[in-house]
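Since the structure of chain R is provided, determine the placement of chain D on it from the hints.
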Amino acid sequence: MSLLQLENLSVTFGNFRAVDNISYKVEEGEVLGIVGESGSGKSVSSLSIMGLIDFPGKVSADRLTFDNQDLQAMPEKQRRKLTGSDIAMIFQDPMTSLNPCFTVGYQIIEALKTHQGGSKKELKMRAIELLTQVGIPAPESRLDNYPHQLSGGMSQRVMIAMSIACNPRLLIADEPTTALDVTIQAQIIDLLIDLQRQKQMGLVLITHDLALVAEVAHRVIVMYAGQIVESGPASEVFSTPRHPYTQALLASLPESAAGKARLEALPGVVPGQYDRPLGCLLSPRCPYATDHCRKVEPANQGDLDRQVKCHTPLDSEGRPAA
Amino acid sequence: MNQFDDSFDTTVDNQLILKANNLKQHYHVKQGMFKPDAVVKAVDGISFNLEKGKTLAVVGESGCGKSTLGRMLTMIETPTDGSLAHLGEDLLTLNKDAQKKLRQKIQIIFQNPYGSLNPRKKIGAILEEPLVINTTLSKAERKEKALAIMAKVGLKTEHYDRYPHMFSGGQRQRIAIARGLMLDPNVIVADEPVSALDVSVQAQVLNLMMDLQEEFGLSYVFISHDLSVVEHIADDVMVMYLGKVVEQGTRKQLFENPKHPYTLALLSSTPQLSPEKRRIRIKLEGELPSPLNPPSGCAFHGRCSYANDRCKTETPSLRLDNKESQEQGHLIACHAVEENRINLTTQGAA
Numbered sequence: 000m001s002l003l004q005l006e007n008l009s010v011t012f013g014n015f016r017a018v019d020n021i022s023y024k025v026e027e028g029e030v031l032g033i034v035g036e037s038g039s040g041k042s043v044s045s046l047s048i049m050g051l052i053d054f055p056g057k058v059s060a061d062r063l064t065f066d067n068q069d070l071q072a073m074p075e076k077q078r079r080k081l082t083g084s085d086i087a088m089i090f091q092d093p094m095t096s097l098n099p100c101f102t103v104g105y106q107i108i109e110a111l112k113t114h115q116g117g118s119k120k121e122l123k124m125r126a127i128e129l130l131t132q133v134g135i136p137a138p139e140s141r142l143d144n145y146p147h148q149l150s151g152g153m154s155q156r157v158m159i160a161m162s163i164a165c166n167p168r169l170l171i172a173d174e175p176t177t178a179l180d181v182t183i184q185a186q187i188i189d190l191l192i193d194l195q196r197q198k199q200m201g202l203v204l205i206t207h208d209l210a211l212v213a214e215v216a217h218r219v220i221v222m223y224a225g226q227i228v229e230s231g232p233a234s235e236v237f238s239t240p241r242h243p244y245t246q247a248l249l250a251s252l253p254e255s256a257a258g259k260a261r262l263e264a265l266p267g268v269v270p271g272q273y274d275r276p277l278g279c280l281l282s283p284r285c286p287y288a289t290d291h292c293r294k295v296e297p298a299n300q301g302d303l304d305r306q307v308k309c310h311t312p313l314d315s316e317g318r319p320a321a
Numbered sequence: 078m079n080q081f082d083d084s085f086d087t088t089v090d091n092q093l094i095l096k097a098n099n100l101k102q103h104y105h106v107k108q109g110m111f112k113p114d115a116v117v118k119a120v121d122g123i124s125f126n127l128e129k130g131k132t133l134a135v136v137g138e139s140g141c142g143k144s145t146l147g148r149m150l151t152m153i154e155t156p157t158d159g160s161l162a163h164l165g166e167d168l169l170t171l172n173k174d175a176q177k178k179l180r181q182k183i184q185i186i187f188q189n190p191y192g193s194l195n196p197r198k199k200i201g202a203i204l205e206e207p208l209v210i211n212t213t214l215s216k217a218e219r220k221e222k223a224l225a226i227m228a229k230v231g232l233k234t235e236h237y238d239r240y241p242h243m244f245s246g247g248q249r250q251r252i253a254i255a256r257g258l259m260l261d262p263n264v265i266v267a268d269e270p271v272s273a274l275d276v277s278v279q280a281q282v283l284n285l286m287m288d289l290q291e292e293f294g295l296s297y298v299f300i301s302h303d304l305s306v307v308e309h310i311a312d313d314v315m316v317m318y319l320g321k322v323v324e325q326g327t328r329k330q331l332f333e334n335p336k337h338p339y340t341l342a343l344l345s346s347t348p349q350l351s352p353e354k355r356r357i358r359i360k361l362e363g364e365l366p367s368p369l370n371p372p373s374g375c376a377f378h379g380r381c382s383y384a385n386d387r388c389k390t391e392t393p394s395l396r397l398d399n400k401e402s403q404e405q406g407h408l409i410a411c412h413a414v415e416e417n418r419i420n421l422t423t424q425g426a427a
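In order, the protein sequence lines correspond to chains R and D. Sequential numbering from 0 applies to the first sequence in the numbering used here. Sequential numbering from 78 applies to the second sequence in the numbering used here.
Bound-form chain R, shown alone:
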């Protein structure tokens, strides 16, 4: 049974569909990577799981369950109890997601107090334990630090400590390392994966760094303009992409072109609110698009384990099917 299950989740802001009918599931102890360019709806879809979409945003789904509990049907109070403890999230920019007016210790203890309670002394001990777990040296003295006294990597460690404070079963990490240097990125990713293995959490790793997902994720979802265009086991999706967009993304990475050869850049940009094409959303940029693609939106082909949203999925040689 899946930990998190989404069916036809949509998020709309007025007339604009930021997330358009996406379905996926996360199993316990699984790392799911969600990749896509900016504006593809990666963050909005995860915010909607956390219940963080405010008016005028609207979330609708045929099914949105966490551990067989319907998140949409449950009362607000109960849902708030669940998010933050059983489902936790790490945000992109650690420097701005910590409150600059309170000490690190206060902010960690606040999360603990809300969800678990306990005496002042116990809470403090637990906070120190958490900071040790995420590899912060001299945690006792760090408790009294304000966020501005910490470096980017340290702040992200504090954010991780806060998110794992209540032993979540599902952790959503939204671009957790984008603002960090590569050596620090490696440290943070190692830490996240270690914690995920230890606690057998489900981890949703949202990023635009394809190589990072290729290294750590079990399964991967590729999003484009609010839709899931391809999903499947990470090794398969990256070795034999079925969707032209995935193929193009991989081809545009510098490491896939030898020497100083030109990169195979996909022309154009992700469509926004006012230039959404008819039919397949990729059709204006797709090298294989036909008239049929420009008129009719393709359906998802294949089962949930290996899906592709294309009229003419690519074969193993990377050519479109007839």
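You can take every hint at face value.
Just a few of them, taken from the derived set where beta-carbon distance is under 10 Å, the chain D residues facing chain R:
no. : residue
1   : Ser245
2   : Asp275
3   : Leu283
4   : His309
5   : Ser351
Please keep in mind that the hints were generated in silico from the structure rather than gathered at the bench. Beta carbons are placed, not taken as given, at the ideal position from N, Cα and C, and that holds for glycine.
Positioned in the frame of chain R, the structure of chain D alone reads:
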């Protein structure tokens, strides 16, 4: 550092465009009334040669001084020490008028295309401003030139009258590149030009930069923290750590035969798509030390697994790697490499 003392080469194909020798930028930081000023050595003795049509990449983590280097090369800041020569003329000893002339030949592209374009000016005005200041061209001539450059970077004629907010990140970076090209420069300093862009747009901009390099014979100083981009675009690479160069060489030397422990760590931390290209992860403990209070000896010793007592006391100098005498110009600043203490058999594909 013999290779930097070569006399100026006048042959056209490998013409030396930019030659920096022992560039330094030290800032004085006040620490209060009774304490002496602290000195931050943002850039501490950097030398390189840049030839026509080549790309020199500068790599390092944030705070290592790579952007400060870019600002010195474009003379936004004056180096506190060292010499910088453009086509054999020392930029730092010239008078103001001559400096202004030479400055036109070295242009910069900034990292954030959202912050580097004036939102209240139209694209045409942004592109023509350098011409207004530096040339005597008439209004019609300026417009003609702006439109010609816009076509070169893939912008349309109708974009001339638009404001920056009407453009996407990739297009803005094209505008920034166009602005850099307006005065027919020889050198473009690109400070993280693609790090704010998505991968598909990043590929478009990198392709554009390579096309322009071929067409105009531009030399690039490409500042980046993304090693996969650097491996693609660079001819020579310089790895910086806390204001100093730790390893310098051609792209081939650096990526196929990296020597310095920091370069090894950087390479192994960069995620790789294909499993066979992945290297054994070298875990770096800790973070970049504060430049206000740099460690003694080798600045990297606190995070380096090969560090010994000599590394803690004696600062290593940048020297030629003696083991590869046939390959020229691979410079490394490391005691461990010199003493052959690094066991490279643990390197390579995982």
